[in-house]
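Asks: Mapping the sequence shown onto the working numbering, position 316 (from 1) lands on 316, and the numbers just tick up by one.
Honestly, I wouldn't trust all of these hints.
[What the hints assert, rightly or not] With a straight-line cut-off of 30 Å between C-alpha atoms, the simulated DSS-like cross-links for lysine-lysine are:
1) K371 with K30
2) K215 with K330
3) K92 with K247
4) K247 with K85
5) K92 with K211
6) K307 with K288
7) K330 with K302
8) K190 with K111
9) K211 with K30
10) K288 with K247
11) K194 with K20
12) K215 with K85
13) K31 with K194
14) K233 with K111
15) K92 with K190
16) K30 with K20
17) K247 with K233
18) K190 with K371
19) K190 with K20
20) K190 with K215
21) K378 with K20
22) K288 with K190
23) K330 with K307
24) K151 with K302
25) K111 with K211
26) K194 with K233
27) K30 with K92
28) K151 with K85
29) K215 with K32
30) K371 with K20
31) K378 with K30
32) K194 with K111
33) K330 with K288
34) K190 with K233
35) K307 with K31
36) K194 with K30
37) K92 with K151
38) K215 with K194
39) K371 with K151
Just so you know, the hints here were simulated from the structure itself, not pulled from any lab data.
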Amino acid sequence: MTITNYRTTVERFTPPSSSKEPQIAELTTKKKVGTYVQLSNVRGESISHIEKMTHPLTEPSGTDYFSPYMISLLGESTLLAFAEKALQAPRKRLLDSLGIDDSQQNQRQHKLRSDYTAISRFYSTPPAPITLNGSPFVEQEPTTPYFSHQKIITPDFGIYRNSPGSHKPNLFNCGFRDDSEIFYDDAPIKQLQKHNYDIHSRETDLRADGKALNKAHYFIEMMEYLTNRGHPKDFVVQNSLESSSDKNTPHFQYIPNDTPLPVFAHTPGRTDNLEACLLDWHLPSVWKRIDLQQPDWQESAKYLQYKCQELLDQHHISTTPVFRKMEDSKMDIYLIFKKNCSDIWNMTQEDIQLVPGWLESCGIFIANSPKAEAFNNKGAQDYYATYRVTAEHIEIINGIFEI
1 MTITNYRTTV ERFTPPSSSK EPQIAELTTK KKVGTYVQLS NVRGESISHI
51 EKMTHPLTEP SGTDYFSPYM ISLLGESTLL AFAEKALQAP RKRLLDSLGI
101 DDSQQNQRQH KLRSDYTAIS RFYSTPPAPI TLNGSPFVEQ EPTTPYFSHQ
151 KIITPDFGIY RNSPGSHKPN LFNCGFRDDS EIFYDDAPIK QLQKHNYDIH
201 SRETDLRADG KALNKAHYFI EMMEYLTNRG HPKDFVVQNS LESSSDKNTP
251 HFQYIPNDTP LPVFAHTPGR TDNLEACLLD WHLPSVWKRI DLQQPDWQES
301 AKYLQYKCQE LLDQHHISTT PVFRKMEDSK MDIYLIFKKN CSDIWNMTQE
351 DIQLVPGWLE SCGIFIANSP KAEAFNNKGA QDYYATYRVT AEHIEIINGI
401 FEI
């Protein structure tokens, strides 16, 4: 069997059943070992698994001096072997002067070839560049999606890699000597090191000082993405920061094909009403419908985002925003609120670890997960009660959204 996608770990999807109540669901069947490349087995370390998933990293190894990005650019095995010799040359000269053999050479070269295979397979399909709200983003398939054709959308942190001023070297200027197909000029390898250093420095700066945390600052981008790329009943969603498995890359997710989340079954019956209302749901949730044909729809979205930030800053209440495309240029917005797990709530470490993510907040628990076990043992009412804000805070929510 020819494997065309080494990236995803999922072989088959099983949609959840339609229900008004939260449920435990086994959404996916995993591929057999050997038919995918585990992200943890790809060279490189990052505090963000989404960053590593998106493109080869630029942090060089202290052993062979290659970064995953350098390996991906070198690619061809003969050129890769030449580059390894070029980068190890100073160390080899030192060992030779001391009369010491390079006992690690074979092991180092074997690992380099193995890493090249994993990198070339995992990153064979690069993310698709898109523009949202005038800024560069990328769209890609998650390694472990919950739903068929699910996408993850992030700001483009790789913009410098192909920019006109990046000065990416032409590695085949290493040249061949006569007809022997042996590379001899190592200058482009040195240029590659410098190019990698420059990109690494710029990308590190993009993420410095908490500038790349997964904060709910993308309402316009989420709605624009769904408007341009989605179909009726498709939705986009962003995890709140405290429940994000990756807190260090801003991201939201696109779920197509009218997936029946239980929270959607609590949408008000009068769908012609555009006023905000509080849903009858286990976590306090505000529903509002926006007409995208109205010229002020962006201002309405910015206002909602501002109010959600106000709840977080002043009352320690986080928001899980869900946007669902409807017919006739309408957009349903679900804002699901819960405790943000800060010290003010006096939550146990176990409660913090079991905090509902976007999927659990919307009523779906992944079978055999710790959160599903807690939900099964406690029941819906007690599980959600741990994260539900007080009646006083619900009154504050009602006041902010004029319900």
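Asks: Which numbered hints does this structure break?
Replies: Of the numbered hints given earlier, those the structure breaks are 3, 4, 5, 9, 11, 12, 13, 14, 18, 19, 20, 22, 25, 26, 27, 28, 29, 34, 35, 36, 37, 38, listed in rising order.
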